[in-house]
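When you read off a place in the sequence shown, starting at 1, and then add 408, the result is the number in our numbering.
Hints were generated in silico from the structure; no laboratory data involved.
Hints are supplied without guarantee of correctness; some may be wrong.
Claimed, not checked - Computed list of lysine to any residue pairs in SDA-like fashion (alpha-carbon distance at most 25 Å, straight line):
id	residue 1	residue 2
1	K568	H551
2	K507	E526
3	K443	E509
4	K459	L486
5	K473	R497
6	K525	Q542
7	K568	A536
8	K443	E520
9	K456	D469
10	K443	Q510
11	K456	R483
12	K473	K507
13	K456	G441
Quick caveat, the model's predicted, so the values are computed rather than measured.
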Amino acid sequence: MEMSDMKHLLRVASASLLVVACAGADEIVARVGDKEIPLTEFEAAARKLRKTGYDHIEVVDQAAKLELLDGVIARELLILEGRKRGIDRDPTIADEILKTEQRALMSQLYEEEAVQKEYPHTDADLLAFFAEYQYDSEVFSRHIVCDSLDQALEVLTALKSGVDFESLVDSYSIKHI
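With these hints in hand, go ahead and build the complete structure from the sequences.
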């Protein structure tokens, strides 16, 4: 499929889909090849598009919906053309598709099984736990990080002789660790 054919198809699809604003929840807003794009899928894809190249859209009016729909359709057309050309069978691409699928499966399983729906402990439970294991105290520390052992020994000598800690920080501590 030529790029000009894709642009033409995109314009035709956009023009024929002015009903997006009134579509019901399960209504199909576009068809690209054999794939139907329901309103819910369009809305999810539109949210993703707005986070990327379509972040200039501030108000989601009819014109913005059509622009976002153009983006969704263009994406589907590119996927369709890639499959038509066999790009999805390239070993590198096939491996990336498999990895993406595996990540999605693991993520979904993690959400369903590992994440607790409701956290069973109260604030009082947590405070009691911290008190029992003596995690209820805070420790504040200050450091002077030196470039060498010789500098560290100089700092130690100065501190033992009564020099103020804060005055040594600027002189001896390295700025970036």
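Here is what the structure says about each hint:
no. : hint        : verdict
1   : K568 - H551 : 15 Å, holds
2   : K507 - E526 : 31 Å, violated
3   : K443 - E509 : 19 Å, holds
4   : K459 - L486 : 20 Å, holds
5   : K473 - R497 : 33 Å, violated
6   : K525 - Q542 : 29 Å, violated
7   : K568 - A536 : 40 Å, violated
8   : K443 - E520 : 28 Å, violated
9   : K456 - D469 : 17 Å, holds
10  : K443 - Q510 : 23 Å, holds
11  : K456 - R483 : 12 Å, holds
12  : K473 - K507 : 32 Å, violated
13  : K456 - G441 : 22 Å, holds
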